[in-house]
Structures are given as C-alpha cells and as structure tokens.
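Participant: If you want the building blocks of each chain, they are given just below.
Protein chains: 2
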Amino acid sequence: MSESSIHDIDAYMSDLGVRARAAARALARATTAEKNRALLAIATRLDAARDQLAAANGRDLEAGAAKGLDAALLDRLELTPARIDAMIEGLRQIAALPDPIGAITDLDYRPSGIQVGRMRVPLGVVGIIYESRPNVTADAAALCLKSGNATVLRGGSEAFASNQAIAGCIHAGLEEVGLPADAVQVIATTDRAAVGAMITMPESIDVIIPRGGRGLIERISREARVPVIKHLDGICHVYIDAHADLDKAFAIALNAKTQRYGTCNTMETLLVDTAVAGQILPRLGAAFAERGVELRGCARTREQLPAALPASEADWDTEYLAPILSIRVVDGLDAAMDHIARHSSAHTESIVTEDYGRARRFLREVDSSSVMVNASTRFADGFEYGLGAEIGISTDKFHARGPVGLEGLTSLKFVVLGDGQVRG
Amino acid sequence: MSESSIHDIDAYMSDLGVRARAAARALARATTAEKNRALLAIATRLDAARDQLAAANGRDLEAGAAKGLDAALLDRLELTPARIDAMIEGLRQIAALPDPIGAITDLDYRPSGIQVGRMRVPLGVVGIIYESRPNVTADAAALCLKSGNATVLRGGSEAFASNQAIAGCIHAGLEEVGLPADAVQVIATTDRAAVGAMITMPESIDVIIPRGGRGLIERISREARVPVIKHLDGICHVYIDAHADLDKAFAIALNAKTQRYGTCNTMETLLVDTAVAGQILPRLGAAFAERGVELRGCARTREQLPAALPASEADWDTEYLAPILSIRVVDGLDAAMDHIARHSSAHTESIVTEDYGRARRFLREVDSSSVMVNASTRFADGFEYGLGAEIGISTDKFHARGPVGLEGLTSLKFVVLGDGQVRG
Chain L
1 MSESSIHDID AYMSDLGVRA RAAARALARA TTAEKNRALL AIATRLDAAR
51 DQLAAANGRD LEAGAAKGLD AALLDRLELT PARIDAMIEG LRQIAALPDP
101 IGAITDLDYR PSGIQVGRMR VPLGVVGIIY ESRPNVTADA AALCLKSGNA
151 TVLRGGSEAF ASNQAIAGCI HAGLEEVGLP ADAVQVIATT DRAAVGAMIT
201 MPESIDVIIP RGGRGLIERI SREARVPVIK HLDGICHVYI DAHADLDKAF
251 AIALNAKTQR YGTCNTMETL LVDTAVAGQI LPRLGAAFAE RGVELRGCAR
301 TREQLPAALP ASEADWDTEY LAPILSIRVV DGLDAAMDHI ARHSSAHTES
351 IVTEDYGRAR RFLREVDSSS VMVNASTRFA DGFEYGLGAE IGISTDKFHA
401 RGPVGLEGLT SLKFVVLGDG QVRG
Chain G
1 MSESSIHDID AYMSDLGVRA RAAARALARA TTAEKNRALL AIATRLDAAR
51 DQLAAANGRD LEAGAAKGLD AALLDRLELT PARIDAMIEG LRQIAALPDP
101 IGAITDLDYR PSGIQVGRMR VPLGVVGIIY ESRPNVTADA AALCLKSGNA
151 TVLRGGSEAF ASNQAIAGCI HAGLEEVGLP ADAVQVIATT DRAAVGAMIT
201 MPESIDVIIP RGGRGLIERI SREARVPVIK HLDGICHVYI DAHADLDKAF
251 AIALNAKTQR YGTCNTMETL LVDTAVAGQI LPRLGAAFAE RGVELRGCAR
301 TREQLPAALP ASEADWDTEY LAPILSIRVV DGLDAAMDHI ARHSSAHTES
351 IVTEDYGRAR RFLREVDSSS VMVNASTRFA DGFEYGLGAE IGISTDKFHA
401 RGPVGLEGLT SLKFVVLGDG QVRG
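First to last, the sequence lines map onto chains L and G.
Residues in the first sequence are numbered consecutively from 1, following the UniProt record's numbering.
Residues in the second sequence are numbered consecutively from 1, following the UniProt record's numbering.
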C-alpha cells in the first residue's frame with residue numbers, strides 16, 4: 001500500500017492487526033526448516049537488492065539533509081554496504097540458532113498418573129517501534145520470525161523509503177518459501193496516529209518493544225494498553241572492594257568506562273572502598289586523564305584526585321553516555337550496596353573483590369538485571385552472554401530481564417499427557 | 001492504623017508504598033530459614049487467635065447480613081473452623097516447599113572466560129486485590145513471603161474486620177522472627193480510591209494480581225499502570241477425535257463437565273468428530289441427562305440427541321459455570337482446532353485420541369495455557385501440576401501462563417563470574 005492511499009489510520013491499523021493475528025497462527029505452526037529457509041531467502045533477496053536498497057536509502061538521506069537532520073542522525077540513517085552486509089549476516093546467524101519453539105521441559109509424572117510439562121510457544125504478535133536505523137527492520141523481523149511471532153514494525157519517518165525497500169525483500173523471501181507475507185508488516189504511513197493505534201490494540205498485538213531514546217520509551221510505556229519490554233537508563237556501577245585485586249580493579253574500571261562511551265552497559269559511577277582509595281584512585285585518575293575522561297568526585301575522592309571536579313547529587317543519577325565519570329569513596333560493602341540501591345537504574349553492577357563472602361552477598365543482594373564479580377560491565381549484552389542475538393535489554397523484572405534474545409519473545413504453556421485420567 | 005484516621009488516601013497509599021519497597025529489600029535478603037520460620041510463626045499465631053478471628057468474622061457477617069448480602073456471598077465470607085484449619089495448613093505447606101529464590105541455573109563458560117548464569121529473584125512488591133474470601137489474605141501473603149516479595153493486600157470491604165484480624169497475626173509472626181511487619185500490608189481503609197492508587201504506583205508496586213469476577217479484573221486491567229496477572233474466562237473444550245478410545249472419551253467428557261460446575265477448568269463446550277458422533281453422543285447424552293446437565297447442540301448434535309436445545313452462536317462464547325454444556329459435531333481435527341481458535345478463552349483444551357500424529361498436532365498448534373491429551377480439563381490447576389500452591393491462573397502469555405505458583409512471582413537476573421575479564 002502506498003502511503004498516500006492511507007486516509008483512515010484506524011481502519012488501516014485494525015486491518016493490519018487482523019492480518020498479523022492470522023499470520024501469527026500460521027507462523028506458530030511453521031516448522032524450524034520453513035522458518036530457516038525464509039530467513040535465508042530474505043538474506044538472498046537483500047543481497048540481490050543492494051542497488052534498490054541504496055537508491056531508497058539515498059532518497060531518505062537526501063530528504064533528511066534537506067530537512068536539516070543533524071550529522072549523527074544522518075549517520076545512523078545511512079545503509080552503507082558494510083551495514084547491508086551486517087544485516088544479511090545477521091539473518092544467516094539467526095537461521096543457524098536453535099529453534100526455541102516447541103521444546104518441552106520438565107515432563108514429570110504426577111501422582112494422578114498424568115505427565116505434566118511445559119512447551120515453549122511464541123508470544124503471538126510483537127510490535128516494534130524504533131527510530132532512525134533501518135537495519136533494525138531486518139534484525140527485529142528475523143528474531144521474531146525465528147521465535148514464531150508475527151511482527152508489526154514502525155520505523156522512523158526519516159527512514160521510510162529504506163524500511164519499505166527492506167520490507168519488500170522480507171515479503172518476497174517469506175512468499176518464496178510459502179509463509180504469509182503478513183508475518184512481517186512494516187507500517188506504510190508516517191502518520192503518528194499509527195503509533196497511538198499500535199500501542200492500544202491488545203486484541204492484535206501482544207507486546208510492544210520500543211527501541212530509541214528515553215523520551216520515546218517513556219511516552220509509549222505511559223500510553224500503552226499492551227505489555228511493553230522497556231529499556232530505560234543504564235546507570236552502571238563498579239565497586240572496588242577493600243579486598244580487591246587492584247590490578248584487576250584497574251583493568252575492569254578502565255574498560256568499563258572507556259571501551260565505549262555511548263553504550264548502556266558503560267560504567268557511569270565508580271565506587272571505591274575507603275581502605276583502598278589511596279592506592280587505586282591516583283593510578284586510575286592518571287589513566288582516565290590520559291584518555292580525556294572528566295572526573296567528578298565526592299570530597300574523599302578529591303583528596304586523592306585534586307583535579308577532579310566536585311560531584312553534585314545529580315551526578316549520582318546521571319547516565320552520561322560520554323567521557324565523564326562520577327566517583328565516590330564508600331565505607332564498605334553495605335554502603336556501596338546502599339548507594340547502588342538508591343542510584344542505580346538496575347541495569348548492571350560489578351564488584352571487584354577476592355573475598356568470597358562479599359562476592360556472594362553482592363550477587364544475591366544487588367537487584368539489577370546483571371550482577372557481576374570481577375568482570376567489566378561492558379559484557380552485559382546478548383552476544384557476550386551467548387543468547388546468539390538480542391532484541392533489546394529489559395530494565396523491567398516482569399517477563400524478561402536483562403538482554404532479551406529469542407527466549408524473551410516466547411512463553412511457556414503447560415502440556416498434559418494422559419491415558420484417560422479423570423479427576424477424583 | 002484505624003480506618004477512621006485515614007483521611008488523605010493518596011498520602012496513606014504513598015507512605016504504604018515506600019514502606020513496602022523498603023520491606024521488599026529486606027525480604028529479598030531473607031534466608032530460606034527466616035522465611036520458613038515466619039510462615040510457621042504466622043500459622044501458630046492464627047491457631048492461637050481462633051477466638052479473635054471468629055469474633056471479627058462475626059462482626060463482618062452481621063454487618064453483611066444487615067446490608068442484605070446474598071447467601072452465597074455470606075458463605076464465602078465466613079471463616080468456619082475448617083477454613084481456619086485450611087489457612088493454617090496452607091501456611092505450613094508453603095513453608096515446606098522448596099525456596100525458589102537464589103537458585104542459579106545454566107552457569108556456563110563463555111569464550112571470553114566469564115561464566116554467565118541466571119539467578120531467580122523476587123519481583124519486589126506484589127499487590128493483590130480480592131473480593132470476599134478472607135482466607136486469601138493469609139494464602140496470598142504466604143506465597144509472596146516465601147518467594148521473597150513484599151505484599152500489599154486489598155480485600156473486599158465486607159471482610160474488613162476479618163482481614164484486619166488476620167493481618168494482626170501475620171504482623172506478629174513476622175516481627176517474632178525479626179522480619180519487617182511491612183512485608184505484608186493489608187490496606188486499612190475500605191475507600192475505593194485506595195484501589196485506584198494501588199494500580200497506578202509503578203514506583204512502589206511491581207505487579208497486580210486481581211482475584212475476583214470478570215468485571216473487577218477487566219476494570220483493573222484497563223486502568224492499571226502496573227503489569228497485571230489476569231485470570232479471565234475459562235471456556236474449556238474437550239475434542240473427541242475419530243480415533244478416540246470411546247470409553248476414555250466418555251469418562252473424560254463426563255468428568256470435565258460434572259466433577260465441579262463452577263470452576264474455570266470445567267469443560268463448557270464438547271466437540272465431537274462426525275465419525276464417532278453416532279456412537280458416543282447418545283451414551284454421553286444419557287449420562288448428562290441423569291446428572292441434570294442441560295445440553296445445547298448444533299444441528300448434527302441434535303440428530304443424535306433430539307432432547308438437546310439448539311445452540312446459538314453465543315453459546316460457543318459462554319462460560320456457563322453451571323450444569324449446561326454446548327456440543328458441536330465437527331469434521332475432523334482442523335475444524336475442531338478452528339473452533340477452539342475462534343471461541344476458546346485459551347485456558348485449557350483436551351483432545352481424546354489414540355492417534356499419535358493428531359495428538360502431536362493438537363499439542364503443538366492449540367494456543368491455550370494448558371493443552372492436554374486424554375485427560376480431563378479439571379486437572380488444570382497448580383496442585384495437580386505439582387506447583388505446590390497457586391496464586392491464580394494466568395490467561396495471559398506475558399510473564400506467566402496457566403497456573404501461577406511461586407515461580408510466577410519471581411524473575412531471573414543474570415549473574416556473571418569473572419576473574420578480571422575485560423571486553424576487547
């Protein structure tokens with residue numbers, strides 16, 4: 001459907017929802033082989049359509065430049081040959097992953113004689129709302145397809161032509177292997193009312209995954225009438241304990257902050273036990289200064305690092321996503337965990353210690369989606385964890401927590417095998 | 001706090017939320033032994049408080065009778081000695097269940113050298129909204145306590161005195177073992193505004209479980225700003241396949257309908273393959289007639305059972321919760337699964353068949369929280385499934401599906417064990 005032909009958004013979205021629901025039923029029945037063939041067919045179609053993809057993307061880039069979009073946004077929008085390669089490679093990797101659907105676990109006999117187990121099943125229809133990067137269209141559709149879910153995708157208006165071109169390849173690939181094209185629908189209008197409809201259609205969409213800035217995610221969470229897998233801030237902490245191996249502490253703190261600045265699993269606040277502050281802070285301070293990281297510290301930190309700026313209360317609650325680090329000297333494990341409980345966004349925290357009991361307490365008591373001992377917070381992602389792929393990182397506890405791979409897009413139903421049993 | 005002293009509901013609820021959040025942190029840290037001691041202490045307190053419980057319940061019953069509550073409601077409201085016994089026994093059983101919290105699963109080495117696993121953790125604060133039965137106060141608090149969650153309970157106004165008396169025993173038991181009394185808070189006002197506040201406090205309450213009629217659950221789901229574990233209708237089906245063992249079919253259909261009429265896992269519609277309708281329907285019809293079950297059938301059913309009333313379209317979508325059964329003759333497995341996809345509430349469906357391939361398809365393709373082969377739908381509950389206890393049955397797919405025991409009140413966080421690893 002061309003954009004100009006969509007006048008009645010509610011009717012368009014309602015029809016799209018009905019078709020998604022029907023496709024979801026077909027997809028839930030699809031075999032592993034069919035789903036994998038579809039993923040590979042889509043990869044082949046994308047490979048063959050490089051010229052069309054580049055042309056469509058060129059139109060988006062031109063329109064974006066004319067609208068005065070900033071350079072960072074235009075960069076995210078661009079489908080370079082390397083990014084098209086990555087999209088194709090991603091599809092092939094997802095085809096190679098094990099199929100979670102249909103697996104039955106814990107099939108046990110009960111005293112009544114029935115066997116009870118749980119079978120992994122798709123959620124149904126997954127709605128994804130994202131901003132500028134057009135490669136999300138293929139990545140998200142592939143994860144949903146592999147996990148047996150139909151998908152409704154709403155990309156950024158600035159990537160409209162690119163997303164529609166990718167959607168064309170996806171539909172061709174699905175139809176080639178006999179799966180319904182409606183299994184992946186990319187909303188063919190930039191009208192914002194489509195998003196409002198999408199997040200309030202529980203009869204057609206089972207879960208919404210927003211990918212984008214905090215503003216987008218908060219607005220969607222507030223207005224949605226459908227469950228949302230949210231990814232809000234990553235205010236991650238490293239705590240250097242009194243019993244830390246200081247060489248490990250040095251390497252981990254440096255890596256957690258400087259390996260990449262703009263990612264959600266980057267350390268934003270360093271906590272240091274007062275017993276080792278004098279030994280580790282000057283060494284870390286020099287290394288951070290060398291890399292141009294601005295330091296903001298509490299009073300005790302600034303005794304060790306006079307060049308650091310004074311940290312304000314707001315610093316402890318800030319996700320910098322930049323070469324800035326707040327540092328606080330604390331009196332032991334409980335003070336560190338109190339700081340984390342108060343200021344963390346519950347994304348990822350790491351303790352550096354050689355003390356068994358403190359490691360054990362930190363693992364148990366810190367309530368974050370990833371809790372680490374002697375490792376860099378930068379490991380918190382689906383690929384490093386072995387999930388094979390990642391559709392997002394959930395900062396919620398309900399349903400999915402932390403990096404969300406294929407399993408996060410599924411549910412478990414009970415299966416009961418009997419031999420004529422009735423209840424007495 | 002006495003009810004009359006609560007004037008500002010928002011301030012009361014906000015304070016209660018802050019205290020629940022603080023208690024949740026203490027409870028998440030509590031050991032298995034502490035939680036079990038608390039459960040047993042509460043059981044002992046309830047046992048010692050039988051007179052006070054009976055007196056409080058008597059006041060509720062008197063007020064209810066004066067208000068003209070119907071007999072069924074007054075019956076649900078009554079705390080008979082047997083029901084107090086059951087409450088006490090329930091607490092002891094929950095103390096005896098394994099503690100799900102802290103269990104680490106799937107701890108595997110990754111190529112980077114880190115070990116990644118998942119640890120089961122509490123959800124945090126669970127809000128429960130229920131109607132007349134005061135025993136829910138103890139049952140729900142016990143399940144939440146064992147799973148490390150703080151609880152905010154809002155019972156029916158007609159059970160106010162009974163619930164407060166039970167709450168007194170719970171608080172005394174918690175304090176006796178050194179756990180915070182705020183771990184279980186029973187809202188001390190019958191003002192309906194408290195429910196509105198409770199379902200819109202995501203900062204203090206992590207999930208709402210409504211237990212009651214469809215009207216209550218729909219209203220809460222519509223207005224909640226917090227995830228809801230819902231239990232809507234149970235329109236359950238038994239499908240008698242052409243290859244069924246007809247003796248098993250007879251026993252299962254009879255049990256699924258008549259073992260209890262008012263439960264959500266009772267069969268409401270029987271589907272029969274046309275190939276066996278002539279053999280099984282007259283036999284079943286006689287048995288149902290003997291038990292006073294009203295039959296409503298499609299035209300082909302009524303050829304076999306002329307005494308059956310004609311079924312209307314609305315019958316296929318009705319949860320009778322009564323001695324009424326709708327019956328439809330269908331042309332094979334696909335027609336049966338189509339009927340189920342269109343009319344089931346996705347609670348529980350059972351196929352009766354000796355055909356391996358059809359059993360396998362039914363298990364895979366029917367999208368309900370419980371899918372059975374050759375067993376009565378009446379088995380769909382947490383005790384029969386071996387969950388040990390049940391806080392409700394979820395008709396959603398997100399987070400928890402089907403009977404919800406302790407595990408449904410938990411989440412999984414990632415744990416990472418390293419030895420100084422940093423990301424390259």
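Possibly wrong hints are sitting among the right ones.
No distinction is drawn between identical chains; accordingly, a pair holds when it is met within one copy or between any pair of copies.
What the hints assert, rightly or not - Using 25 Å as the maximum straight-line C-alpha spacing, the simulated DMTMM-like pairs for lysine to aspartate or glutamate come out as follows:
{"#": "1", "residue 1": "Lys67", "residue 2": "Asp334"}
{"#": "2", "residue 1": "Lys248", "residue 2": "Asp99"}
{"#": "3", "residue 1": "Lys248", "residue 2": "Asp108"}
{"#": "4", "residue 1": "Lys67", "residue 2": "Glu365"}
{"#": "5", "residue 1": "Lys248", "residue 2": "Asp419"}
{"#": "6", "residue 1": "Lys248", "residue 2": "Asp381"}
Calculated from the structure, these hints are not laboratory results.
Everything numeric in this text was worked out from a predicted model, so none of it was measured.
Participant: How would you classify Lys248 and Asp99 at a CA-CA limit of 25 Å: within, between, both, or neither?
Facilitator: neither (38 Å within a copy, 35 Å between copies)
Participant: Is it within a copy, between copies, both, or neither that the alpha carbon of Lys248 lies no farther than 25 Å from that of Asp108?
Facilitator: Answer is between: at 22 Å across copies they meet the 25 Å cutoff, but 45 Å inside does not.
Participant: Within, between, both or neither: how does the pair Lys248, Asp381 come out at a Cα-Cα threshold of 25 Å?
Facilitator: within (21 Å within a copy, 51 Å between copies)
Participant: Indicate which option fits the pair Lys67, Glu365 if close means a Cα-Cα distance not exceeding 25 Å: within, between, both or neither.
Facilitator: Classified as neither; 50 Å inside a copy, 49 Å across copies.
Participant: Since the copies are identical, ignore which copy is meant and state whether Lys67 and Asp334 lie within 25 Å (CA to CA) inside a copy, between copies, both or neither.
Facilitator: neither (52 Å within a copy, 54 Å between copies)
Participant: First find the shortest C-alpha distance between Lys248 and Asp419 inside one copy, then the shortest across copies, and answer within, between, both or neither for a cut-off of 25 Å.
Facilitator: between (59 Å within a copy, 8 Å between copies)
The structure is inconsistent with the numbered hints 1, 2, 4, although it conforms to all the rest.
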